[in-house]
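Student: What follows is each chain in one-letter form.
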Amino acid sequence: MKNIMKGFGVVLALVASSAYAVPTLFFDGEISFRSGFLNVDSVLTATQDIASPELIGSSFDFTALLTNVDATSSFLTIGNFGTTSVTDLTVTDGNSIELLTGNFESLQMKGGNGFGIGLVTGVINSTGGTLENEFGIGNLIAFEFNLSTTFSAEMFDSLFTGDIDGRVIGEEKINVPEPTPLALLALGLMLVGFIKHSRSAQSI
Amino acid sequence: MKIKQHIKLIALSAILLIPGVSSAEIIKPALEFQDFTGDGGATLTGTTFDIDSTVFTIVTDGDAIDIDDEDFILTSTGSILGGTGSFSGSFIVGGGLLTGTFSDLTVLDLGGDGTFGGDVIYTGGSLQGALAGGRIEGFFSATLGSGGKVGEVTVVPVPAAVWLFGSGLLGLVGVARRKA
Numbered sequence: 001m002k003n004i005m006k007g008f009g010v011v012l013a014l015v016a017s018s019a020y021a022v023p024t025l026f027f028d029g030e031i032s033f034r035s036g037f038l039n040v041d042s043v044l045t046a047t048q049d050i051a052s053p054e055l056i057g058s059s060f061d062f063t064a065l066l067t068n069v070d071a072t073s074s075f076l077t078i079g080n081f082g083t084t085s086v087t088d089l090t091v092t093d094g095n096s097i098e099l100l101t102g103n104f105e106s107l108q109m110k111g112g113n114g115f116g117i118g119l120v121t122g123v124i125n126s127t128g129g130t131l132e133n134e135f136g137i138g139n140l141i142a143f144e145f146n147l148s149t150t151f152s153a154e155m156f157d158s159l160f161t162g163d164i165d166g167r168v169i170g171e172e173k174i175n176v177p178e179p180t181p182l183a184l185l186a187l188g189l190m191l192v193g194f195i196k197h198s199r200s201a202q203s204i
Numbered sequence: 001m002k003i004k005q006h007i008k009l010i011a012l013s014a015i016l017l018i019p020g021v022s023s024a025e026i027i028k029p030a031l032e033f034q035d036f037t038g039d040g041g042a043t044l045t046g047t048t049f050d051i052d053s054t055v056f057t058i059v060t061d062g063d064a065i066d067i068d069d070e071d072f073i074l075t076s077t078g079s080i081l082g083g084t085g086s087f088s089g090s091f092i093v094g095g096g097l098l099t100g101t102f103s104d105l106t107v108l109d110l111g112g113d114g115t116f117g118g119d120v121i122y123t124g125g126s127l128q129g130a131l132a133g134g135r136i137e138g139f140f141s142a143t144l145g146s147g148g149k150v151g152e153v154t155v156v157p158v159p160a161a162v163w164l165f166g167s168g169l170l171g172l173v174g175v176a177r178r179k180a
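As you go down the protein sequences, you meet chains A and B in turn. With the numbering used here, the residue at position 93 of the first sequence is 93, and numbering never jumps. With the numbering used here, the residue at position 69 of the second sequence is 69, and numbering never jumps.
Among these hints, one or two may not hold up.
Unchecked claim - Pulled a few chain B residues facing chain A out of the computed Cβ check, cut under 8 angstroms:
no.	residue
1	32
2	34
3	36
4	37
5	57
6	59
7	84
8	108
9	110
10	117
11	138
12	139
Stated by the list, open to error - Ranges of calculated distance between the beta carbons of each label pair, as one might list FRET restraints:
no.	chain 1	residue 1	chain 2	residue 2	range
13	B	119	A	70	22 to 32 angstroms
14	B	94	A	197	37 to 47 angstroms
15	B	45	A	70	21 to 31 angstroms
Note that these hints are calculated values from the structure, not bench results. Keep in mind that this is a model prediction, so the values were computed, not measured. All C-beta atoms in this analysis are idealised placements derived from N, C-alpha and C, irrespective of residue type, glycine included.
Use the sequences and the hints to build the structure in full.
Tutor: What follows is the structure in structure tokens.
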């Protein structure tokens, strides 16, 4: 009987665990830096845990303004960016529906000195679009490659271009409760059936 | 006699320098992988660099071709020192799409996150025949997962006209010097 109760407990713990949904927008396109402004012109390549938008003809564009360059390390260069005077991020689907707009709370671009590949990370405050509530304060992560320059303290002194590939992840994981009551009912019925079976076996 | 030598030099330069080669880079189309819910993402230790991600699209110029999601698994060993590491290992894309190996994957640890890149040799899969050589590049983050691209390596030819123009200038300089 103890074993049955233990098994019941383990099964219950497994069934009661929740699934998670992480709203995510994947993008791919081109990046350019000119006169202090970082511009990304890209398209949506996929989505996760949101109602699927029309990807063909979509756009995922953002811009940010360079605030300072951190070159204190001999190993890497960091460009820190801030918000612009207009909406920083605009995402629309192939039907011209505005999915998400927002402004950067922070945006950082960094890479190893001498390399033509770098990392872009940022935090976005959603301000509009049909997905505003699902993203809230989102995280952006991407890598830039095929850069026309290499990372150095002087890289932001002149124009450079390249490719970018990344995603924006929704603010927090959303609990999607499993139908725990149904699982409990099924386990309870199984237990009752087992007890009845045991008693009938004993009476024979 | 000297003019003939200059002409020979110009011709030789043009033959040797065309087509010129500048650098290797990811070109499109390329397989794109990113972490989806349930993927393990990237794990970097002092001696291993592994990725558990998902291939989900083929990126082409200006568009993305959606494909069935397939596992992307990369395993490698190596060492990292002062933020820069070199790793060798292999990767496999599920669905029989692609397998490959690499011997010098450069991993840059930029402080809990970073980038990686290296040349790969395709060893199997339905896409192998279309890709003779290869390259993989991407990013990783302890908190935000990983992603990247596997694509064909290309060499970017420097326009022949540039070399012709340059060698022609050299020839003119030679002629001018001879006259002087």
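Student: Would you mind marking each hint as holding or not holding in the structure?
Tutor: Hints and how they fare:
| no. | hint | result |
| --- | --- | --- |
| 1 | 32 | 6 angstroms, holds |
| 2 | 34 | 6 angstroms, holds |
| 3 | 36 | 6 angstroms, holds |
| 4 | 37 | 5 angstroms, holds |
| 5 | 57 | 5 angstroms, holds |
| 6 | 59 | 5 angstroms, holds |
| 7 | 84 | 7 angstroms, holds |
| 8 | 108 | 4 angstroms, holds |
| 9 | 110 | 6 angstroms, holds |
| 10 | 117 | 5 angstroms, holds |
| 11 | 138 | 6 angstroms, holds |
| 12 | 139 | 4 angstroms, holds |
| 13 | B:119 <-> A:70: 22 to 32 angstroms | 31 angstroms, holds |
| 14 | B:94 <-> A:197: 37 to 47 angstroms | 44 angstroms, holds |
| 15 | B:45 <-> A:70: 21 to 31 angstroms | 27 angstroms, holds |
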